[in-house]
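**Student:** Chain by chain, the residues run as shown.
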Amino acid sequence: MRWLSRFLAMMVAVMLAGCGEPDFSDAEKKTIASLALSSLPPPKPDTTNRFADVPAAAALGSTLFFDQGMSRDGTVSCSTCHKIDRQFQDDLPQAVGVGHTNRRTMPLAGVARDPWFFWDGRRDSLWAQALTPLENPLEQAGNRAAYAHYIKARFGERYERIFGPLPDFSDMPSNASPLGNDAEKAVWDAMSGVQRDAINGVFANIGKAIAAFERSIEPAPTRFDRFAMDLVTGAEPKGDAVFSKEEILGLKLFIGKANCVTCHNGPRFTDNGFHNTGVPPVAGLPPDRGRIDAVRQVEADPFNCFGAYRDGDATACGELRFMVKDAPQLIRAYKTPSLRGAATRPPYMHAGQFSSLDEVVAHYAKAAPSVEGTSEIHPLELSDHERAALVAFLKTLSE
Amino acid sequence: MASIWRYLLAGFGLAALLVGILAVVYLTAPRSSHPAGPDVSRTKNTDNGLFVASFLPERGVVRQGQLQSWLLTLKTKSGTPVEGAAITISGGMPLHSHGLPTSPQATDYLGDGRYRIEGVKFTMSGWWQLHFAISANAGSDTVLFNVVL
Chain A
1 MRWLSRFLAM
11 MVAVMLAGCG
21 EPDFSDAEKK
31 TIASLALSSL
41 PPPKPDTTNR
51 FADVPAAAAL
61 GSTLFFDQGM
71 SRDGTVSCST
81 CHKIDRQFQD
91 DLPQAVGVGH
101 TNRRTMPLAG
111 VARDPWFFWD
121 GRRDSLWAQA
131 LTPLENPLEQ
141 AGNRAAYAHY
151 IKARFGERYE
161 RIFGPLPDFS
171 DMPSNASPLG
181 NDAEKAVWDA
191 MSGVQRDAIN
201 GVFANIGKAI
211 AAFERSIEPA
221 PTRFDRFAMD
231 LVTGAEPKGD
241 AVFSKEEILG
251 LKLFIGKANC
261 VTCHNGPRFT
271 DNGFHNTGVP
281 PVAGLPPDRG
291 RIDAVRQVEA
301 DPFNCFGAYR
311 DGDATACGEL
321 RFMVKDAPQL
331 IRAYKTPSLR
341 GAATRPPYMH
351 AGQFSSLDEV
361 VAHYAKAAPS
371 VEGTSEIHPL
381 ELSDHERAAL
391 VAFLKTLSE
Chain B
1 MASIWRYLLA
11 GFGLAALLVG
21 ILAVVYLTAP
31 RSSHPAGPDV
41 SRTKNTDNGL
51 FVASFLPERG
61 VVRQGQLQSW
71 LLTLKTKSGT
81 PVEGAAITIS
91 GGMPLHSHGL
101 PTSPQATDYL
111 GDGRYRIEGV
121 KFTMSGWWQL
131 HFAISANAGS
141 DTVLFNVVL
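Residue numbers (this note's numbering), protein chains in the order written: chain A, 1 to 399; chain B, 1 to 149.
One should not assume that every hint holds.
[To be verified] Keeping only pairs whose Cα atoms sit at most 20 Å apart, straight-line, the calculated SDA-like set for lysine to any residue is:
1. A:K395 / A:A327
2. A:K257 / A:L382
3. A:K30 / B:S125
4. A:K44 / B:Q66
5. A:K257 / B:L67
6. A:K257 / B:V148
7. A:K325 / B:S125
8. A:K325 / B:S103
9. A:K325 / B:V148
Because the hints were derived from the structure by calculation, they are not lab data.
Here chain A stands alone, though its shape is the one from the complex (with noise of 0.2 Å):
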């Protein structure tokens, strides 16, 4: 008997020596070399906007983000929400503008890879996007013949290099849009078509300036992708690329037992879609469903894809042409937000719910049921121990 325990005995041994060294599998190695900044490729050209990679395009872009002008009453740029020092947000749990928004500001960096734009995506283009916050009576609350107006008086030559002679202004009128108040809407209406076509072209052409603009905004490397350089490269990490014993359970649970990369894939912890992952609404604000109400409002948008306004051609809509429209999936389904730098800029989800990293695990491991709809999210189980390293890896990605 003696012979069979000491059998066990080294073979255990021999089981043991075979995974002890190397910390990950290669599936593993696999995983994390696929999150790494350096398997990131550069944005792809954006053929619906022809001046998207124009630097004098991005350069009037950049003036016009920061341009406080850009609103109705002069005090509200891209930039009050989307600040340059806090990763283009701005630490709210919801938006302020010229009102209170519903939502909370989203960051930007690496935004010009996204189908969809907006947590429920009701936009499809950096540049239709754009507009949406300058009509808004929330945030800048401005309406698009005043914006065209105001254009030509402060930008106007810098304008007509890039896109060409503006339209004659001479009996436009100085307020009007199809989004605007019920004044402006009766103006709006009254237009001929040609004067509306006249605007929108140039109100399309602010929003091409500024998602060129946006293009630029990238995000940097972290301590996490300095470690995952030096694992897949096999090279001994030094200085802060050396993960400890927490950090590298965290990274574990996080492409293992806890799913997390199901969704928070790639390079910027995105698969770009749209999931119900049972985040509560926010008391005191309208109801919120998410995508299933994104799904009319980017058909309905006349600067979609499919509009008059896309350059190039419609092989571009492919997003469009092949989105879902109607299935329980898209009940407040929101986009997977990116996780790079999330850890320094809470609070966290689509109204501000979670005010701190921690709340976000325990929402993950409790998977509670979603109030409408039904949430992708299982139940983990997760030690106290385990969901403090799932954070500890979070934070890598913020250093």
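Guided by the hints, dock chain B onto chain A, whose structure is given.
**Tutor:** Relative to chain A, chain B alone:
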């Protein structure tokens, strides 16, 4: 008497050795994330045997996170291309409670039983299913393809 015990002991020892070997083989085998994974064959008989269907990415490789076109080729059992078929596509990830992130459509007939399926996108790694409902002169049938990324 003694010899029976010896045989028994030998038998027991052999059995233990076998168990040990099996354990070693099982525990050290490269761990695949899909034990007894789904059938990922690219050519199949449709569920009621009306057609032979094959489903392949048009450019040969599957890329996660990108809109891609695939080709669905439909033939009868005797190898005749199936023309004029109406095809609808659904699917999702059976292990997560969600469907497809896009709604793929048959957009073109390329001849020789080949249909272009556009708008296919796999946003996550894992097990995906694509279900085709096919209706042609020969009748209606369905087929399911598994794609594992």
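**Student:** Tell me, which hint numbers fail for this structure?
**Tutor:** The structure breaks hints 1, 5, 7 and 9; every other hint is satisfied.
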